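Let the sequences and hints guide you as you build the complete structure.
Numbering (the working numbering), first residue to last: 1 to 64.
The set of hints was computed from the structure by calculation and includes no laboratory data. Keep in mind it's a predicted model, so treat the numbers as computed, not measured. Don't take every hint at face value.
Pair ranges (Cβ atoms, derived) [claimed, not checked]: (1) Arg6 with Gln26: 25 to 33 angstroms; (2) Arg21 with Pro54: 12 to 20 angstroms; (3) Pro40 with Arg5: 28 to 36 angstroms; (4) Gly25 with Arg5: 28 to 36 angstroms; (5) Gln13 with Arg44: 15 to 23 angstroms; (6) Pro60 with Arg31: 12 to 20 angstroms; (7) Arg20 with Ala43: 14 to 22 angstroms; (8) Arg44 with Ala17: 12 to 20 angstroms; (9) Ala43 with Pro10: 16 to 24 angstroms; (10) Pro60 with Phe11: 14 to 22 angstroms.
In this text, a Cβ means the ideal position worked out from N, Cα and C, and glycines have one as well.
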Amino acid sequence: MRGSRRNPTPFEQRVYAVVRRIPQGQVRSYRWVAQQLGNPDLARAVGQALKRNPDPQRTPCHRV
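This is how it looks when you write it as C-alpha cells:
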C-alpha cells in the first residue's frame, strides 16, 4: 500500500545499524555490509533492505 509504513524487520534494523556506521564521505558495497552482518552471501538482501529504508535522513543508504 502506498503511503503506509511498516516496521523494519530485525534483519533490516541490523542492516541500517551497519550503514549508519559508514563514515561520511565514504562508500561501501552491499557485500561489505553483508560481511559485517556475518554472511557475505546476503548482499542482495542488503540491497532489498536498503530499498525499503524508511528514514534516509538517519540511514544514509547512498553510501552503499
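The hints, checked one at a time:
1. The given range of 25 to 33 angstroms is respected by Arg6 and Gln26, whose C-beta atoms sit roughly 30 angstroms from each other.
2. Between Arg21 and Pro54 the beta carbons are some 18 angstroms apart, a value that agrees with the proposed interval 12 to 20 angstroms.
3. Between Pro40 and Arg5 the beta carbons are some 30 angstroms apart, a value that agrees with the proposed interval 28 to 36 angstroms.
4. Take Gly25 and Arg5: their Cβ atoms lie about 30 angstroms apart, and the range 28 to 36 angstroms holds.
5. The hinted range of 15 to 23 angstroms is satisfied by Gln13 and Arg44, whose Cβ atoms lie roughly 18 angstroms apart.
6. The beta-carbon spacing between Pro60 and Arg31, approximately 18 angstroms, falls within the hinted interval of 12 to 20 angstroms.
7. Checking the proposed 14 to 22 angstroms range against Arg20 and Ala43 shows it holds: the Cβ atoms sit about 18 angstroms from each other.
8. Between Arg44 and Ala17 the C-beta distance comes to about 19 angstroms, which sits within the given range of 12 to 20 angstroms.
9. At roughly 18 angstroms, the beta-carbon separation of Ala43 and Pro10 lies within the given 16 to 24 angstroms, and the hint holds.
10. Our hint of 14 to 22 angstroms for Pro60 and Phe11 holds, since their Cβ atoms are close to 19 angstroms apart.
Hint violations for this structure: none, all hints satisfied.
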